[in-house]
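Student: The lines below spell out each chain.
2 protein chains.
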Amino acid sequence: MKLLDGKLIADQIKTEIAAEVKERFLDQGLEPPHVAAVLVGEDPASLTYVAAKEKACREVGFISSVYRYPSNITQEKLLEVVDFLNADQEIDGFIVQLPLPAHIDEHKIIERINPVKDIDGFHPVNIGKMALNLPCFLPATPMGILTLLDRYQIETAGKNIVVLGRSHIVGTPVSILLSRKSDRGNATVTLCHSYSQDIPAIASRADILVVAMGKEGFVTADMVKQDAVVVDVGVHRVPSSETKSGFRLKGDVDFEIVSRKCSYITPVPGGVGPMTIVSLLQNTLKAAKKEVS
Amino acid sequence: MKLLDGKLIADQIKTEIAAEVKERFLDQGLEPPHVAAVLVGEDPASLTYVAAKEKACREVGFISSVYRYPSNITQEKLLEVVDFLNADQEIDGFIVQLPLPAHIDEHKIIERINPVKDIDGFHPVNIGKMALNLPCFLPATPMGILTLLDRYQIETAGKNIVVLGRSHIVGTPVSILLSRKSDRGNATVTLCHSYSQDIPAIASRADILVVAMGKEGFVTADMVKQDAVVVDVGVHRVPSSETKSGFRLKGDVDFEIVSRKCSYITPVPGGVGPMTIVSLLQNTLKAAKKEVS
Chain A
36 MKLLDGKLIA DQIKTEIAAE VKERFLDQGL EPPHVAAVLV GEDPASLTYV AAKEKACREV
96 GFISSVYRYP SNITQEKLLE VVDFLNADQE IDGFIVQLPL PAHIDEHKII ERINPVKDID
156 GFHPVNIGKM ALNLPCFLPA TPMGILTLLD RYQIETAGKN IVVLGRSHIV GTPVSILLSR
216 KSDRGNATVT LCHSYSQDIP AIASRADILV VAMGKEGFVT ADMVKQDAVV VDVGVHRVPS
276 SETKSGFRLK GDVDFEIVSR KCSYITPVPG GVGPMTIVSL LQNTLKAAKK EVS
Chain B
36 MKLLDGKLIA DQIKTEIAAE VKERFLDQGL EPPHVAAVLV GEDPASLTYV AAKEKACREV
96 GFISSVYRYP SNITQEKLLE VVDFLNADQE IDGFIVQLPL PAHIDEHKII ERINPVKDID
156 GFHPVNIGKM ALNLPCFLPA TPMGILTLLD RYQIETAGKN IVVLGRSHIV GTPVSILLSR
216 KSDRGNATVT LCHSYSQDIP AIASRADILV VAMGKEGFVT ADMVKQDAVV VDVGVHRVPS
276 SETKSGFRLK GDVDFEIVSR KCSYITPVPG GVGPMTIVSL LQNTLKAAKK EVS
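Going line by line, the protein sequences match chains A and B. For the first sequence, our numbering begins at 36 and goes up steadily by one. For the second sequence, our numbering begins at 36 and goes up steadily by one.
Among these hints, one or two may not hold up.
Note: identical chains are not told apart, hence a pair may lie in one copy or across any two.
[Stated by the list, open to error] Below, a list of computed lysine to any residue pairs in the SDA-like style, where the Cα atoms sit at most 25 Å apart:
no.: 1; residue 1: LYS321; residue 2: TYR299
no.: 2; residue 1: LYS321; residue 2: ARG147
no.: 3; residue 1: LYS285; residue 2: THR182
no.: 4; residue 1: LYS216; residue 2: PRO235
no.: 5; residue 1: LYS285; residue 2: GLU146
no.: 6; residue 1: LYS325; residue 2: SER100
no.: 7; residue 1: LYS321; residue 2: HIS142
no.: 8; residue 1: LYS143; residue 2: ASP218
no.: 9; residue 1: LYS37; residue 2: LYS57
no.: 10; residue 1: LYS321; residue 2: GLU146
no.: 11; residue 1: LYS321; residue 2: ARG93
no.: 12; residue 1: LYS216; residue 2: ALA137
no.: 13; residue 1: LYS143; residue 2: TYR104
no.: 14; residue 1: LYS250; residue 2: TYR230
no.: 15; residue 1: LYS321; residue 2: THR109
no.: 16; residue 1: LYS216; residue 2: GLY249
no.: 17; residue 1: LYS112; residue 2: GLN232
no.: 18; residue 1: LYS285; residue 2: ALA54
no.: 19; residue 1: LYS296; residue 2: VAL101
no.: 20; residue 1: LYS250; residue 2: GLY96
no.: 21; residue 1: LYS37; residue 2: LYS90
no.: 22; residue 1: LYS285; residue 2: GLY220
no.: 23; residue 1: LYS325; residue 2: ASP140
no.: 24; residue 1: LYS324; residue 2: ASP257
no.: 25; residue 1: LYS325; residue 2: ASP257
no.: 26; residue 1: LYS321; residue 2: SER99
no.: 27; residue 1: LYS143; residue 2: ARG186
no.: 28; residue 1: LYS260; residue 2: ASP242
The hints are simulated quantities; they were obtained by calculation from the structure and are not laboratory data.
Chain A extracted, bound-state conformation:
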């Protein structure tokens, strides 16, 4: 078994991006790419995630701004914030961190983002272009998974890939991407979810198994084919007496036992997580280079 070391690959890509920022922007006397995040409320996971994004942006030389608002901001006001960022010529791309408070219609906010600044790739027009294999911003986690497989030279063409979980931000788009006619796709993809019958039988036929169920330790050895590639998107905090913090992170896959059976596996943490953030950096660079119209 080999680890699909997302941390390592993300660091390599960050080094590449930093070099490009220097060469293509700073050395030409241009402002570096500028990314903004809109953060509403005090959701702890969102705070952590936005902080990690900011840190990554600084590491590669981007300018990073965070616009923070209280959780009682009105939808109308938040739409104005989006309009402001759409219009601001200095900002190449931005994200609105989800989830938003219940009184705000997330779709309304996302659809207001100018698609050419939608570095999260959540706007319907970007999702549609993704399905149609047109130039667009890909959603960060699916994109990170494809990049990780690509950097480890794991072939997807003609492979049987099973995706567990059909969320709008991971399972559904990654299943579309992997089955597209493209050099990181061309797989035969089966998408499973809560209605699927006999998931163990389906999963155990997979050459590559992508797990994004949100259920800690869901995937056990009997669900994994010998020498399969396993990509674990889940992140769960579980209590632990072995760490100072009193908890540790675990995935949707029972790593201990599954790792003995597969050829490659992503660790949690250090697998898909760092790839998600680095994908956002890649999208920002793409936005700054005006590669998506």
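Based on the hints, put chain B in the right spot on chain A.
Tutor: Then chain B, alone, in the frame of chain A:
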């Protein structure tokens, strides 16, 4: 074996639409829904298809206009036509019949259509909303397949569905639709294509098999599970000594032998074809009722 009689269901739906046109528009003194088609060149299949659409529109009481242009129309001029139809308040929805001549970028034309008038459901924003389970226009053939299964009360939830073929207008969107969290979805869908290995083994696990390969007679009995439901999207003209025209229509499925093994099957012609046209009528009605924003 029972036939999934698309002609019969399409006629029922047309009767329903005609009643709604009368009640909701004519009896209120309103103009009936108005649909337009843009037809470039003389492609025989396109001429046939647009004529069939016009006939169906008249049957349900819609107003139907066809805008015809020679195949040497410039892209710029065609974009102006789209702008004109976008702006024309009298036209509720329109299609640009594909394929377009090689010198015109189809994506540019499709993306110029106002999504609220995109009754073909081909605009990226409609495809994206489809994937995100948001209100939108669904592409006509996938929508017709779902309606047909629904009218025959064929359950999709929890079923294993295999889709053969990943075209942008049939295979890819129908695979997305059938796996969505919705009462016509919730299936475990596997999408196969030219890179897929051992299609017969995969197809023969399907409870419902949707075939949109574009290969005449591709699906034989060994690829179909006993009592499966088979939906055949293919249409091919083959020479025949038994018909006056000298040809007959056949599908991607070897109907003679497969029909003996399955529980339900669509005939060709008279299966998916009429459902495609009736879906376009349903989308037009939806546009006229301003149900998609």
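Student: Next, verify each hint and record whether it holds.
Tutor: The hints, checked one at a time:
1. LYS321 to TYR299: neither (30 Å within a copy, 49 Å between copies)
2. LYS321 to ARG147: both (20 Å within a copy, 23 Å between copies)
3. LYS285 to THR182: Intra 22 Å, inter 42 Å, cutoff 25 Å: intra-copy only.
4. LYS216 to PRO235: Close across copies (21 Å), not inside one copy (28 Å); limit 25 Å.
5. LYS285 to GLU146: Neither: 33 Å inside a chain and 43 Å across chains, both beyond 25 Å.
6. LYS325 to SER100: within (20 Å within a copy, 39 Å between copies)
7. LYS321 to HIS142: Answer is both: 24 Å inside a copy and 21 Å across each meet the 25 Å cutoff.
8. LYS143 to ASP218: between (34 Å within a copy, 24 Å between copies)
9. LYS37 to LYS57: neither (34 Å within a copy, 67 Å between copies)
10. LYS321 to GLU146: both (20 Å within a copy, 21 Å between copies)
11. LYS321 to ARG93: within (17 Å within a copy, 49 Å between copies)
12. LYS216 to ALA137: Between. Shortest inter-copy distance 21 Å satisfies the 25 Å Cα cut-off; intra-copy 38 Å does not.
13. LYS143 to TYR104: within (17 Å within a copy, 38 Å between copies)
14. LYS250 to TYR230: This pair counts as within: shortest intra-copy Cα distance 15 Å, inter-copy 32 Å.
15. LYS321 to THR109: neither (31 Å within a copy, 31 Å between copies)
16. LYS216 to GLY249: This pair counts as between: shortest inter-copy Cα distance 17 Å, intra-copy 28 Å.
17. LYS112 to GLN232: Answer is neither; intra-copy 45 Å and inter-copy 52 Å both fail.
18. LYS285 to ALA54: neither (33 Å within a copy, 58 Å between copies)
19. LYS296 to VAL101: neither (43 Å within a copy, 61 Å between copies)
20. LYS250 to GLY96: So LYS250 and GLY96 fail the 25 Å test inside a copy (36 Å) and across (52 Å) alike.
21. LYS37 to LYS90: neither (28 Å within a copy, 62 Å between copies)
22. LYS285 to GLY220: Cα proximity of LYS285 and GLY220: none, with 28 Å in one copy and 31 Å across.
23. LYS325 to ASP140: between (29 Å within a copy, 20 Å between copies)
24. LYS324 to ASP257: So LYS324 and ASP257 fail the 25 Å test inside a copy (46 Å) and across (52 Å) alike.
25. LYS325 to ASP257: Neither, since 47 Å and 51 Å both go past 25 Å.
26. LYS321 to SER99: within (16 Å within a copy, 44 Å between copies)
27. LYS143 to ARG186: neither (36 Å within a copy, 33 Å between copies)
28. LYS260 to ASP242: So LYS260 and ASP242 pass the 25 Å test inside a copy (7 Å) and across (23 Å) alike.
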